[in-house]
Amino acid sequence: MNYTYIVQCSDGTLYTGWTNDLNKRIKAHNNGKGAKYTKPRLPVELVYAKEHATKEEAMKDEYRIKQLSRKRKQELCKEYEEEQRELQEEHPEQAVSSEEKSSGVLKDKDIREPLFEFLEETYGKVRILEEKTMGRSRADLVMVAPECLYGIEIKSDADTYARLKRQVKDYDQYYDYNIVVVGSTHAMHIEEHVPDYWGIVTVEQMNGKADFYFLRFPKENPKRKWERKMQILWRPELATIQEWLAMPKYKEKSKRFVVDKILERVPERIPEEILSRQISDILFERDYNTIAKTLTEYRKAERKKKGGASCRYRKRKRI
Numbered sequence: 001m002n003y004t005y006i007v008q009c010s011d012g013t014l015y016t017g018w019t020n021d022l023n024k025r026i027k028a029h030n031n032g033k034g035a036k037y038t039k040p041r042l043p044v045e046l047v048y049a050k051e052h053a054t055k056e057e058a059m060k061d062e063y064r065i066k067q068l069s070r071k072r073k074q075e076l077c078k079e080y081e082e083e084q085r086e087l088q089e090e091h092p093e094q095a096v097s098s099e100e101k102s103s104g105v106l107k108d109k110d111i112r113e114p115l116f117e118f119l120e121e122t123y124g125k126v127r128i129l130e131e132k133t134m135g136r137s138r139a140d141l142v143m144v145a146p147e148c149l150y151g152i153e154i155k156s157d158a159d160t161y162a163r164l165k166r167q168v169k170d171y172d173q174y175y176d177y178n179i180v181v182v183g184s185t186h187a188m189h190i191e192e193h194v195p196d197y198w199g200i201v202t203v204e205q206m207n208g209k210a211d212f213y214f215l216r217f218p219k220e221n222p223k224r225k226w227e228r229k230m231q232i233l234w235r236p237e238l239a240t241i242q243e244w245l246a247m248p249k250y251k252e253k254s255k256r257f258v259v260d261k262i263l264e265r266v267p268e269r270i271p272e273e274i275l276s277r278q279i280s281d282i283l284f285e286r287d288y289n290t291i292a293k294t295l296t297e298y299r300k301a302e303r304k305k306k307g308g309a310s311c312r313y314r315k316r317k318r319i
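The opening position of the sequence shown corresponds to residue 1 in our numbering, with each subsequent residue numbered one higher.
Don't read these hints as lab results, they were simulated from the structure. Mixed in with the good hints there might be a few duds.
To be verified - Capping the alpha-carbon separation at 20 Å, the derived lysine to aspartate or glutamate pairs in EDC-like fashion look like this:
(1) K36 with D11
(2) K223 with D170
(3) K223 with D176
(4) K107 with E45
(5) K253 with E237
Given the sequences, and given the hints that come with them, work out the whole structure.
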């Protein structure tokens with residue numbers, strides 16, 4: 001079977017072509033091997049397709065469509081979308097599947113949930129925290145393991161490398177290991193954009209499902225800074241570590257002060273691996289349903305103490 005088709009590029013432009021294997025051709029476009037025009041405008045999505053009995057008919061129709069105005073092409077795409085919707089309702093088995101439309105192109109929302117399952121199958125006992133601030137960036141996922149933390153960045157087929165350089169620097173300061181999860185459009189070039197100690201997981205759509213594969217397992221991050229990793233904990237959580245270590249409470253001191261005091265004991269009095277396990281234990285137990293109340297109560301107590309201290313100072317000054 002032969003086809004004429006239109007794909008919409010990431011910049012909103014339309015590209016018209018013909019092929020004798022629609023699914024394979026769309027996948028080639030998204031792997032950067034389809035056409036010079038689409039290569040810098042990935043990913044692309046199929047928005048129109050028409051079957052033809054012969055190659056000659058497909059090529060003639062391709063030429064005809066290319067002569068149309070953008071407005072008319074958009075009308076064709078809209079008509080095709082409506083036809084597909086009706087076909088899906090009446091004959092689901094005959095409609096072009098979402099896999100054929102994007103041929104393996106996955107977005108962030110398609111990756112997250114199955115990624116959680118993949119990580120649990122690979123690493124065993126873990127807890128996934130989403131969207132954590134780190135410096136000037138935000139970690140897509142933080143994976144808590146019993147003895148370490150993993151930073152995980154997701155680059156779907158719809159993403160670019162624009163912010164990755166900055167993100168890599170921030171991930172490297174906070175986490176013991178780092179992993180980048182990439183869609184098929186990035187798989188060929190991702191090694192050029194992350195350090196050799198980062199892990200790389202590729203994901204593509206197989207039979208309508210996200211399929212993950214470790215292209216490279218992560219190595220220990222040589223740039224992780226303890227003071228940054230400790231900043232992941234909330235102030236009441238740091239108090240738990242202080243209690244474990246039989247340290248003074250430092251109730252009137254800042255979070256930064258307490259972190260510095262804890263780290264003064266590393267590694268002479270507290271081995272790094274012990275502190276890492278303590279951090280993981282706390283994050284495994286973190287309760288987002290109650291922490292807001294705990295933080296509010298903690299901050300109120302701190303403001304009350306500071307207010308009392310200020311009042312005493314003013315009284316002494318008047319005397």
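Worksheet item: Are there hints from earlier that the structure breaks, and if so, what are their numbers?
Response: none
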